[in-house]
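Residue numbers (our numbering), protein chains in the order written: chain P, 1 to 256; chain H, 1001 to 1188.
Hints are not guaranteed to be accurate.
Quick list of the computed label-pair ranges, beta carbon to beta carbon [stated by the list, open to error]: (1) H:I1134 / P:P59: 18 to 26 Å; (2) P:A142 / H:A1056: 29 to 37 Å; (3) P:G230 / H:I1134: 55 to 63 Å; (4) P:G183 / H:Y1078: 48 to 56 Å; (5) H:R1151 / P:Y254: 28 to 36 Å; (6) P:A28 / H:Y1078: 41 to 49 Å.
Simulated from the structure, these hints should not be mistaken for lab results.
Positions of the beta carbon are idealized from the N, C-alpha and C atoms, including for glycine.
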Amino acid sequence: MHCKDIRAQLNAYLDGELDAGAAPALEAHVATCALCGAELRSLRQLQHSIRTEGHWPLPNGLEASLRQTLHSAAETEQMAQGKAALLGDWRGILVGLAAGLVLGVVFYLLLMQPVREGNGLVDRVVALHVQSQLADHLVDVASSDRHQVKPWFQGRVDYSVPVHNLADQGFPLLGGRIDYLDGRNVAALVFGHRRHRINLFVWPATESAARIPETTNRRGYRLIARAAQGLEFLAVSDLNGEELEHFLRLYLEYGT
Amino acid sequence: MRLKLGKRAADAALSAFEAQVCVHARAAYNLARYLMGNEDEAKDVVQEAFLRAYRAFDRYENRNALAWILAIVRNVSYSALQRRRAGPDAVSFDEQLHTDSTIGSDTPFVTPEAQLDRQQSAACLRDLIARLPIEFREVIVLRELEDLSYREIAQILAIPTGTVMSRLARGRSWLRTLAADEGAEDAL
Ligand SMILES: [Zn+2]
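Looking at chain P on its own, in the form it has when it is part of the complex:
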């Protein structure tokens, strides 16, 4: 290969975007060609400098004022909606009444049969996932060592929690937590994946567990439920569906 062709690929290689098939030839060339080797080192050095020194520090108070802006926007929205409901024209009120009626019927139907969707549970799980990231309450026990996390659960929940660290597969274990869910204390395991967090809730399979659909999307989060080993596993994250599926499959197949 000519130096010219190699140079054209150096940036993609540096960014991890070069086809896997093309990398060996490039690496072989760079190892022997002094000029291309120097070029790659120089690019690496530049990348390193930008990544370590290029960030603008967040100005003091910006996050707080952002939060303030959003809260007042949310309040204004609520007030506007309240006013619209009070002062709305007859058509609005009729639409409202009709919608109310429909909702009433839906609730009635839902209550008449067992809640198959487990909607309350889904909402609760999403709320716990959100809370765990908001309130700095991600974990009660922070450790990537399964030998530390697994015993921590003993005595806190009355079942054995399978704990695995999937760091090698890109899902490092960050720790564990106890949450109150479905009328009992349940184990929550927390994993990272790039910038994302995954909460994996584990509890003994029961009637109510069977109500959760296999996959649910709720407010930008995805939930995937699986029953295995007499336990119910419920993973929730803002990861995309395939990645979360992949994670849960890896977890359930771990060591088998």
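Go by the hints and put chain H with the ligand onto chain P.
Showing chain H with the ligand alone in chain P's frame:
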């Protein structure tokens, strides 16, 4: 007519927004800061971008919150830049650069020398990046500082991934030239 959102539901929506989108405030500010060239306008852009995002949040389906908010930040920045260019008292780029290099003015009284050096070299590096034309500056920021893939960058900029790669390559070689001209290779 939109059904009235209960207070609880509205709070939950805000919490979800904060958890998924507000966690990217740092990244959003960084991009805005590089696009606008000064702190005040960058702050305004961030406020407006998050407000827009919040209002669009119930229609939000994309799972990539970082790329989503950065695309909004970029749109808001470009509109602001356009207004600035059209405005009567347009500020020139160079003037801003000078007002910008006040990093370290809030440095604590006793600072280890090494740290001071580091802050100066970081400020110097940021100045170099700031001097790139905007189309190269933004790909460098999105790739190196927000760690986005070529595909994510291509989507935000609405350009082919091949163009992302060539702009990155040109931006990087431009940066090295600028550093050499400045005798600022140490910053790299
Ligand atoms: Zn060569």
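To see whether the hints hold, each was checked on the structure:
For I1134 (chain H) paired with P59 (chain P), a C-beta distance near 22 Å keeps the hint of 18 to 26 Å intact. In this structure the hint that A142 (chain P) and A1056 (chain H) lie 29 to 37 Å apart at CB holds, the actual value being about 35 Å. Between G230 (chain P) and I1134 (chain H) the CB atoms are about 58 Å apart, so this pair conforms to the stated range of 55 to 63 Å. Between G183 (chain P) and Y1078 (chain H) the CB atoms are about 52 Å apart, so this pair conforms to the stated range of 48 to 56 Å.
Our hint of 28 to 36 Å for R1151 (chain H) and Y254 (chain P) holds, since their Cβ atoms are close to 30 Å apart. Separated by about 43 Å at the C-beta atoms, A28 (chain P) and Y1078 (chain H) satisfy the suggested range of 41 to 49 Å.
Checked against the numbered hints listed earlier, the structure breaks none of them; every hint is satisfied.
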